[in-house]
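Student: Now for the letters of each chain:
2 protein chains.
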Amino acid sequence: MIGYPTKRKAYIQTESKPSTKRGMNLEEDLNLTNQYYLDLDMANIHKKPTPITIVKVDYPIRSKSKITEAYFKIPSTTDYNGVYKHRAIDFEAKETQSKTSFTLSNIHLHQIQHMESVAKHGAISFLIIRFTSLDETYLLYIDKFIEFTNNHNRKSIPIDWLRQNAYLIPYSLTPPIHYLKIIDSTYFKE
Amino acid sequence: MIGYPTKRKAYIQTESKPSTKRGMNLEEDLNLTNQYYLDLDMANIHKKPTPITIVKVDYPIRSKSKITEAYFKIPSTTDYNGVYKHRAIDFEAKETQSKTSFTLSNIHLHQIQHMESVAKHGAISFLIIRFTSLDETYLLYIDKFIEFTNNHNRKSIPIDWLRQNAYLIPYSLTPPIHYLKIIDSTYFKE
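Chains A and X supply the protein sequences, listed in that same order. Under our numbering, the letters of the first sequence match residues 1 to 190, in that order. Under our numbering, the letters of the second sequence match residues 1 to 190, in that order.
For reference, chain A alone in the conformation it holds in the complex:
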């Protein structure tokens, strides 16, 4: 957790840095960012727990049940959701090592259908995609993503297409991934 000197104090936004300087993965950056939004009462957005199937639980001491057999489940929804400026927020975050494209199979079909559905019901829904080798992180709205899959018979999204159709999230210190700034300047722009 980052110690903010005083709440609502202007924070320093830095230029994008080599990822080796940061040592944080996308999930950690997003957790810090969401905590920052909570601390400053800007939004309430959380990562959902990892979906698992619990098979066996031991109760050696009643106060601390121990799960001894469980399996990861394929997620049917997204990893992150919450509320911002009276709108539901719902997104999935993915990292790739590629320098040229984002492979579509990184996202499960159920997750895409989920994002389409929540957007239809009024949520702001998007993907956050980080190219770790390039140190570039993009916000791609779900409608643009669907537009891509409808118009291209490809198994991956080229980075050049993303540079045209998604929004680069500049890296900053506090918070690391200030994606709500992109939402403000695009979704809430009018």
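For the record, the hints were derived by calculation from the structure and aren't laboratory data. Don't take each hint at face value.
Identical copies go unnamed one by one, so any copy, or any two together, can satisfy a pair.
As a list, the in silico BS3-like pairs of lysine-lysine whose alpha-carbon atoms are at most 30 angstroms apart [what the hints assert, rightly or not]:
{"hint": "1", "residue 1": "Lys64", "residue 2": "Lys155"}
{"hint": "2", "residue 1": "Lys144", "residue 2": "Lys64"}
{"hint": "3", "residue 1": "Lys94", "residue 2": "Lys64"}
{"hint": "4", "residue 1": "Lys66", "residue 2": "Lys48"}
{"hint": "5", "residue 1": "Lys48", "residue 2": "Lys85"}
{"hint": "6", "residue 1": "Lys47", "residue 2": "Lys73"}
{"hint": "7", "residue 1": "Lys99", "residue 2": "Lys155"}
{"hint": "8", "residue 1": "Lys85", "residue 2": "Lys155"}
{"hint": "9", "residue 1": "Lys66", "residue 2": "Lys144"}
All values reported here derive from a predicted model rather than from experimental measurement.
For this one, chain A is given, so just place chain X on it according to the hints.
Tutor: Here is chain X on its own, set in the frame of chain A:
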């Protein structure tokens, strides 16, 4: 899963029945209800996975990692959230065996603070409380809950107060707990 004869067909709403006839707990009823909302494309609301801390994972076969040590975590948010009519929905559901009151310690302080926060950011936030012995299920908006805790120095909410300040959700067959009907007639009434 219930097999709906045809989508959007009118469904039969029945009178409240003794719970012995039903054999379903609140979580099962809510899962069926949320699935019904999804199937009819009315709303997109899900139960979040149970929050756990994973300590040890075995990888006997790479395709099926086995969690061999994990513990339940105290939830810091609510169990259910999603989106309905362009609003974020966020709620917690609890059952009690009591016939007279709902014990406040059933809800963690962090969950109350979370519900206050999301309501402030614009979510529709509430508790669903079922008195299993009475077969009565209530929807209590978070602002009413806070009002109760601010004005009463009690460790439980008497059922008579709930009957005045919360909304009884009638039991129906499909869906079992049609809580969005209450939201429609109260939150979206004007």
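Student: Does each hint fit the structure? Answer for all of them.
Tutor: Structure-based check of each hint:
no.	hint	result
1	Lys64 with Lys155	between (46 angstroms within a copy, 25 angstroms between copies)
2	Lys144 with Lys64	neither (46 angstroms within a copy, 33 angstroms between copies)
3	Lys94 with Lys64	between (33 angstroms within a copy, 21 angstroms between copies)
4	Lys66 with Lys48	both (21 angstroms within a copy, 20 angstroms between copies)
5	Lys48 with Lys85	both (20 angstroms within a copy, 22 angstroms between copies)
6	Lys47 with Lys73	both (16 angstroms within a copy, 14 angstroms between copies)
7	Lys99 with Lys155	within (15 angstroms within a copy, 58 angstroms between copies)
8	Lys85 with Lys155	neither (35 angstroms within a copy, 34 angstroms between copies)
9	Lys66 with Lys144	neither (44 angstroms within a copy, 37 angstroms between copies)
Of the numbered hints stated above, those contradicted by the structure are hints 2, 8 and 9, listed in ascending order.
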